[in-house]
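Chemist: Residues per chain, in single letters:
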Amino acid sequence: MVRERKIRVLIAKPGLDGHDRGAKVVARALRDAGMEVIYTGLRQTPEMIAQAALQEDVDVVGLSILSGAHMTLVPRVMDLLKQMGLEHVAVFVGGIIPDEDVPALRCLGVKGIYGPGTALSDIVQAIRQEVEGRE
Amino acid sequence: MDISRMDDLVAQALAGDRRAIARLISTVEQGGAEARQVLSRIYPHTGRAHIVGITGAPGTGKSTLVAELAKAYRKQNLSVGIVAVDPTSPFSGGAILGDRIRMRDLATDPNIFIRSMATRGSLGGLARATADAAHVLDAAGYAVILVETVGAGQSEVDIARMAHTTLVIQMPASGDEIQAIKAGILEIADIIVVNKADLPGADQAVAALEAMLDLNSGHTEWHHGRLFQIEGVLAGGDQVKHSWRPPVLKTCALRGEGIEELVQAIAAHLQYQRESGLHQQREHDRAAEQLQRILRYTLLEQLLERIPKHALQETVEHIVAREQDPYSAAEALIAQARLLS
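These protein sequence lines map, in sequence, to chains A and B. Here the first sequence stands for residues 1 to 135, numbered as in our numbering. Here the second sequence stands for residues 1 to 341, numbered as in our numbering.
Take the hints with a grain of salt, since some may be wrong.
In silico EDC-like cross-links for lysine to aspartate or glutamate, where the CA-CA straight-line distance does not exceed 20 Å [said to hold, decoys possible]:
#1 A:K82 <-> B:D17
#2 B:K75 <-> B:E261
#3 B:K71 <-> B:E261
#4 A:K24 <-> A:D122
#5 B:K71 <-> B:D105
#6 B:K250 <-> B:D203
#7 A:K6 <-> B:E317
#8 B:K71 <-> A:E47
#9 B:K250 <-> B:E261
Chain B regions said to be covered by chain A (calculated; three or more residues, Cβ under 8 Å) [what the hints assert, rightly or not]:
#10 24-32
#11 92-98
#12 115-128
These are computed hints drawn from the structure, not numbers from a lab. Just so we're clear, the structure is a prediction, and the values are computed from it rather than from any experiment. Cβ atoms here follow ideal geometry from the backbone N, Cα and C, with glycine treated the same way.
One chain only, chain A, in its complex shape (with noise of 0.2 Å):
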């Protein structure tokens, strides 16, 4: 009867590119670290996803975008998640995110940002870090 609380994560794909490998991937891992996933699929909008963490009552939302569209996406998602008085959710990215976009992100409140080659463990790390800090 131990009552160990579970971190639950939104892994979401916004936007029109097709490339869900990565997504996957990293819900794959994040399950086999104790995690519970809630994975969403393909092209989703910024309202479904927020919508989705209200229900959920996720700690962390992954947002993977290889489209080139992050800089529309993201702040999209961040400002409808403060519209619904989810602050407390962390918003990691992983996908195609050019250096040059990486400092503009993080203001916006972007916990964690991720390219190809990113080791899972440090992802992993990185939202225990997150949710586990703040409790």
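Got chain A sorted already, so can you dock chain B onto it with the hints?
Modeler: Chain B alone, transformed into the frame defined by chain A:
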């Protein structure tokens, strides 16, 4: 969580606030004293929703069917709560909850609330707190609650204990007639759905299932936590009133075919239950079963609090070494805990 914060959350959830509903579901999922306090606050507001269970083997199209049912109920202007259960990995304790993938059209409807749940070690096709999550949605005013089980095989029958109407989803070529007459999941069906009916073999599957129902010539009901066979086809008398032969329906959820008929069958089942008094009886059985489950869990929790950890470990060692049998060991521990109280 302090009490006034909890009272606020409960009041907000009862008024339909989605953030509060989500928080409360997390709280009941977590279990423990806080969960009990939340559930005792919302219980007076439950009992209004029609709870429909959807179960069946993995890959039969449960999530897609749930999405189509939700759309059909929205057309009738009914609000819909969905609880979708997926398995927890027994190795890592983590889970991938993927039922939302098939429900993307529903994601932004303000009158639909979807919650994914991991089994967290529960067997039987549901999570321990699935019924509690449904209670929260019921109290928040959702008219229909669709509960999707994990991909179930032949013995995950817990859903029949919590749902008013249970749909068992099959697909063509999912086994021969012997599969259809085995005990288990088919026996809990109030409605049998052959999904993916566009695939070859759909009519044969329906025929095999109908033949199975002919053999049964009756239907099973939960009573005091056990399945009982209720006499079916009798000439005249009260018995006939109490018989419900599960209809076998064909759907193709991906194309939205057969959904209207399924919604009608679900409504007919609810009406049948109300008119036959079965609804009342099932509520009664459900309450009795739930009370027993809570008693068992609470007693065990209280007992374990009183037994020192080292005593428990020592006893386990004795049992492994065959110095003591587990039955007398359990009795000794209970006696010891009583002395300590």
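Chemist: Against which earlier hints does the structure fall short, listed by number upward?
Modeler: Checked against the structure, the only hint that fails is number 7, while the rest are satisfied.
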